[in-house]
Amino acid sequence: MRVRIERRLAQPRWLPVGVPAGSVAFAFAAIAIVLVATGHDPLHTYGTLFRSAFTDDGALSATFVSATPLAFTGLAAAAAFRMNLFNIGGEGQLYFGVVGATGAALALGGGSPGSLSIAAMCLAGAAAGAAWAALPGVLRAFLRTNEIITSLMLNYVAAKVIDYLVFGSHSYWRDTTSPSADVFPQGQAIPDAALWPFATIEGAAGGIALPLGFGIACLAASALWGLYRRTRFGFEVQVIADSPRAARYAGMRTRRTILAVMCLSGAIAGLGGAAQAGNFDHLLDPRSLEQQSYGYSGIVVAALARYNPFAVVPIAFLLGGLKNAGFALQGADFPNGLVGVMQGLFLFSVLGGELLVRYRVRLERRGRGRVEAAQAEPA
Amino acid sequence: MEDGTAVTDVAAAPQRAAAAHGVAIACRGITKRFPGVVANDCVDFEAAVGEVHALLGENGAGKSTLSNIFTGLYHPDEGELELYGRPVVFQSPRDALDAGICMVHQHFRLVEPFTVAENVVLGDHRGVGRSFLVHPRAIERRVAELGRRYGLAVDPRARIWQLSVGEQQRVEILKALYREARILILDEPTAVLTPQEAADLFVTLRAMAAEGRTVIFISHKLHEVKAVADRVTVLRGGRSIATVSAGESTPRSLAALMVGRDVDVARRRQRASGVGEPLLEVEGACATGDRGLPALVDVTLAVRAGEILGVAGVAGNGQRELAEALTGMRPLTAGSVAVGGRRLRNGDPLDAIRAGVGHVPEDRLHTAVAPSLSIASNVVLKSYRGSHVTRGPLLLLRRIHDAAAQVIRHYDVKAPSPATPARQLSGGNLQKVVLGREFSGEPRVLVAASPTRGLDVGAIETVHRYLREAAERGVAILLISEDLDEVLALADRVAVMYEGHVVGEVDPGSATVEEIGLLMAGGQAA
Numbered sequence: 011m012r013v014r015i016e017r018r019l020a021q022p023r024w025l026p027v028g029v030p031a032g033s034v035a036f037a038f039a040a041i042a043i044v045l046v047a048t049g050h051d052p053l054h055t056y057g058t059l060f061r062s063a064f065t066d067d068g069a070l071s072a073t074f075v076s077a078t079p080l081a082f083t084g085l086a087a088a089a090a091f092r093m094n095l096f097n098i099g100g101e102g103q104l105y106f107g108v109v110g111a112t113g114a115a116l117a118l119g120g121g122s123p124g125s126l127s128i129a130a131m132c133l134a135g136a137a138a139g140a141a142w143a144a145l146p147g148v149l150r151a152f153l154r155t156n157e158i159i160t161s162l163m164l165n166y167v168a169a170k171v172i173d174y175l176v177f178g179s180h181s182y183w184r185d186t187t188s189p190s191a192d193v194f195p196q197g198q199a200i201p202d203a204a205l206w207p208f209a210t211i212e213g214a215a216g217g218i219a220l221p222l223g224f225g226i227a228c229l230a231a232s233a234l235w236g237l238y239r240r241t242r243f244g245f246e247v248q249v250i251a252d253s254p255r256a257a258r259y260a261g262m263r264t265r266r267t268i269l270a271v272m273c274l275s276g277a278i279a280g281l282g283g284a285a286q287a288g289n290f291d292h293l294l295d296p297r298s299l300e301q302q303s304y305g306y307s308g309i310v311v312a313a314l315a316r317y318n319p320f321a322v323v324p325i326a327f328l329l330g331g332l333k334n335a336g337f338a339l340q341g342a343d344f345p346n347g348l349v350g351v352m353q354g355l356f357l358f359s360v361l362g363g364e365l366l367v368r369y370r371v372r373l374e375r376r377g378r379g380r381v382e383a384a385q386a387e388p389a
Numbered sequence: 031m032e033d034g035t036a037v038t039d040v041a042a043a044p045q046r047a048a049a050a051h052g053v054a055i056a057c058r059g060i061t062k063r064f065p066g067v068v069a070n071d072c073v074d075f076e077a078a079v080g081e082v083h084a085l086l087g088e089n090g091a092g093k094s095t096l097s098n099i100f101t102g103l104y105h106p107d108e109g110e111l112e113l114y115g116r117p118v119v120f121q122s123p124r125d126a127l128d129a130g131i132c133m134v135h136q137h138f139r140l141v142e143p144f145t146v147a148e149n150v151v152l153g154d155h156r157g158v159g160r161s162f163l164v165h166p167r168a169i170e171r172r173v174a175e176l177g178r179r180y181g182l183a184v185d186p187r188a189r190i191w192q193l194s195v196g197e198q199q200r201v202e203i204l205k206a207l208y209r210e211a212r213i214l215i216l217d218e219p220t221a222v223l224t225p226q227e228a229a230d231l232f233v234t235l236r237a238m239a240a241e242g243r244t245v246i247f248i249s250h251k252l253h254e255v256k257a258v259a260d261r262v263t264v265l266r267g268g269r270s271i272a273t274v275s276a277g278e279s280t281p282r283s284l285a286a287l288m289v290g291r292d293v294d295v296a297r298r299r300q301r302a303s304g305v306g307e308p309l310l311e312v313e314g315a316c317a318t319g320d321r322g323l324p325a326l327v328d329v330t331l332a333v334r335a336g337e338i339l340g341v342a343g344v345a346g347n348g349q350r351e352l353a354e355a356l357t358g359m360r361p362l363t364a365g366s367v368a369v370g371g372r373r374l375r376n377g378d379p380l381d382a383i384r385a386g387v388g389h390v391p392e393d394r395l396h397t398a399v400a401p402s403l404s405i406a407s408n409v410v411l412k413s414y415r416g417s418h419v420t421r422g423p424l425l426l427l428r429r430i431h432d433a434a435a436q437v438i439r440h441y442d443v444k445a446p447s448p449a450t451p452a453r454q455l456s457g458g459n460l461q462k463v464v465l466g467r468e469f470s471g472e473p474r475v476l477v478a479a480s481p482t483r484g485l486d487v488g489a490i491e492t493v494h495r496y497l498r499e500a501a502e503r504g505v506a507i508l509l510i511s512e513d514l515d516e517v518l519a520l521a522d523r524v525a526v527m528y529e530g531h532v533v534g535e536v537d538p539g540s541a542t543v544e545e546i547g548l549l550m551a552g553g554q555a556a
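Residue numbers (my numbering), protein chains in the order written: chain B, 11 to 389; chain V, 31 to 556.
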């Protein structure tokens, strides 16, 4: 018997659904082995996991809190990756979104109506994220710099900038009024009028609080889908992604489109920053933002969704639940490291399963040599 | 000296084999299926020791699949392979190499930054190739010696990227000789050569055959097959149709076997009754190639409405750069291009499109179309900005679909639907989509670069018909092709390019292939 991995010539219809489902099943089986080996009951653990992610009182509300920023950063990554533009800078662009949104809310003050504040926060957050993404965008479009490196490095710069705004200076964003703030520097909270509302769904599991940000993420997903499928701009993105030479041949302004897509991606991440500030944090909190690393998780979300905007939202929801469940599982007899192992195995299986979408594994009896070319085309 | 003895051995081995068995390689009932197609359907083939055996067939006839089976790349689903009378089963390409079968591919398998000697020894797992320390001098001596013996002059220390295409091909053949190949398969080796270079190659092949090696020569050019082969096996639709003696067959009888019906070989085009005003005017155009070296030098051309100007030349003498410069894809460093009297913006493909310049690029799959996108998307690749398929920024997908369906119908494209990805189309059908798109844009000027390369006889006829019809409608056509027969059959005038210059212009009615060949080789320019 020998094992061969071959490129699939045709993709069966069930494949895009079957492979992820199989991967998840495989992940749970693999995790069960680890759990048994460390003396835990897998069924009990999975039960706790599921309850704390989705069915306990307040579990769904908490999952939405985790899922909202992931949905935005996932969409941001998907928007750029679809054009083979690897914007790893969602992290920094989200920070700038928070800076822009809290800045706008603080500038408008408590006197302005809520809807105006929210709109201003969205605009300012998106603009700030887009501006930060424009840096690697311009470098890539006009100087052909690798955007992976520049956007990644700018994340660290962005982290330093928000640290400076709150811890290193007496900026607009720093709380300079409350007495404790001199000892423990923190961000200036935005006025109550600028807080983003939650829609409450009564009923199951003690009511679910659905944040406005999550709704905006769903709208953004639809808008992105429409933009890429139905517009001239989206058509150009598709062609450039598939063959830059063909795009040039067709007279498309490739550099302009690269810059536009980078800015679009940054704007979505920045919008995520605005939602984070408006719905949950209510201030610029560098420590928390840097610890959560929503931007990097968003790349995983986008990859799992295969860059499909509609798939990004449910996957962000699932990963958000998994993240919360991880917190719930941790305890004296369940070390933090084991949670990490579980999450790692899960992502490894699901991303590894992607291989099977494009390739198939064939077992061959005897040693019959069979080397198929990557694209077996008779001619 | 060790090298010397090795060479005598190579020569001696096939001769001994020749005495023992007449047949070098034979296959019986070879069948190879790919999803959706049977590439080889019960193919029988036999090549003798000391023979040049041509494998003739249209594209898609199964020539490449069969040679991939001979070289161990594919494993046949059914059938047997025999080498010198003994049945063999190749587990991998390495087994085929060990058995003395080497292939010269159409696209060379060479490492550009390496020297000739390094490429020759690369992948060789006997002797020097295997040892940890490489002895470049010994390899270079050996390569030079082989080159002298077979008339394959090439400097063993030259780096591949410095060599012309013809020289690179010699390196590929040297590789096979160095590995002591007893059976050499060449896949369309003359596609990149001048007529003179091709003639030299034939001499080398004959010399190799005379030593008792077997040469399998894959081609779809009838006169070459006549010129070099002893016997010809014709494949059609995956089946072996016949094996005939080259001496007793005519190009016409071979063509009939190949396509299964009688065809007109190279019908001359009637000169268009009246040609109009000059539509495309190129003045002193200069441009650099991908390496930054001058690729176009002071090119001046004019094409009138209703006229086909043929551009002949060996591949890599500036034709691709000329096509790109005319269509705005490559900026000019000097000179100008004007369409209908208006000077085009330099290096702006969109301006060229707006001026009515259609372009059929050489690289069909990655320049002419976005391969993963649908036929529909590719049909509107240039016209997606137009008002007939858009409303504001939105695309009217229904109308795009209809436009594609119309191209499919009108140009007889064999495709399941407008939603089919372009890369799933065969070369001929893809080219029909490209031509359909370019003509639907109602161009005033059409720049067609190698529009029939890799197409089968039927598709070539169709493409030629479309080009003639376009010229009759008054389109000014610049036809760039390495296929001299094609240029002579279609063009009203022929310009010959050599090293970026237009070295001469000839009248296709009176010029001979030899005259043009001399220009292509730089004869006049020197």
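Honestly, the hints are just simulated from the structure, not real lab data. Note that the structure is a prediction, hence the values are computed from the model and not measured. Treat the hints with care, since some could be wrong.
Claimed, not checked - Short, incomplete list of chain B residues facing chain V, as computed with Cβ under 7 Å:
hint : residue
1    : 245
2    : 252
3    : 253
4    : 259
5    : 261
As the list claims (entries may be wrong) - Simulated restraints on C-beta separations:
hint : chain 1 : residue 1 : chain 2 : residue 2 : range
6    : V       : 137       : B       : 15        : 23 to 33 Å
7    : B       : 156       : V       : 377       : 17 to 27 Å
8    : V       : 122       : B       : 337       : 26 to 36 Å
9    : B       : 21        : V       : 236       : 24 to 34 Å
10   : B       : 156       : V       : 439       : 38 to 48 Å
11   : V       : 377       : B       : 316       : 32 to 42 Å
Ideal Cβ positions, reconstructed from N, Cα and C, are used throughout, including at glycine.
query: Does the structure break any of the earlier hints, and which numbers would those be?
result: 8 and 9
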